[in-house]
Each structure stands twice: as structure tokens, then as C-alpha cells.
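Position in the sequence shown (first residue = 1) + 271 = the working numbering.
Bear in mind the hints are in silico, worked out from the structure with no lab data behind them. On a predicted model such as this, the values are computed, not experimentally measured, just so you know. Keep in mind that a hint or two might mislead.
Said to hold, decoys possible - In silico DSSO-like links for lysine-lysine, alpha-carbon gap of 27 Å or less: (1) K316 <-> K327; (2) K321 <-> K280; (3) K327 <-> K301; (4) K314 <-> K327; (5) K280 <-> K295; (6) K295 <-> K327; (7) K295 <-> K321; (8) K295 <-> K314.
Stated by the list, open to error - Computed Cβ-Cβ distance ranges for the label pairs, DEER-style: (9) V334 <-> D285: 30 to 40 Å; (10) T288 <-> H332: 16 to 26 Å; (11) V298 <-> G336: 19 to 29 Å.
Idealized CB from N, CA, C, for every residue including glycine.
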Amino acid sequence: MNIIVNGEKLNISDNSTIYQLLEKLEVSDKVMAVAINMEIVKKDKWDTHKIEEGDKLELLHFVGGG
272 MNIIVNGEKL NISDNSTIYQ LLEKLEVSDK VMAVAINMEI VKKDKWDTHK
322 IEEGDKLELL HFVGGG
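Can you build the whole structure from these sequences, using the hints too?
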């Protein structure tokens, strides 16, 4: 199925969860927040929340600085 992650088209397996996507992208330890279609999904739901065809995901991490 086709989705968009941080503005880039990506094809993933049907019935993928957020956590499975993060593992596939090798960023599971770097991402602090995930928004799907402009709505934040809580981290405790990442392993059960299914991604749907056409979803737009934003994977966010925090950067320190000043």
C-alpha cells in the first residue's frame, strides 16, 4: 500500500503498524512522536495502530539547541 512519510512516497505491506514501519525504516529508537493525517498517535498505541492506504505520516524527533 502507498503512504507518504515526511513528504516522501513509500510502499509498505498491508496491515502494517506504526512500530513495524519505524523498524523497517530503522528509526524506532530516534522517533519521539508520530502524526498521521495531522493527528498525534500516542506512543503506547504504535504497536497496534494500523496504517491505512494513503495516510500521511510525519515522524518527529526533538533536537536540542539554543
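Item to check | Violating hint indices (sorted, rising) | outcome: none
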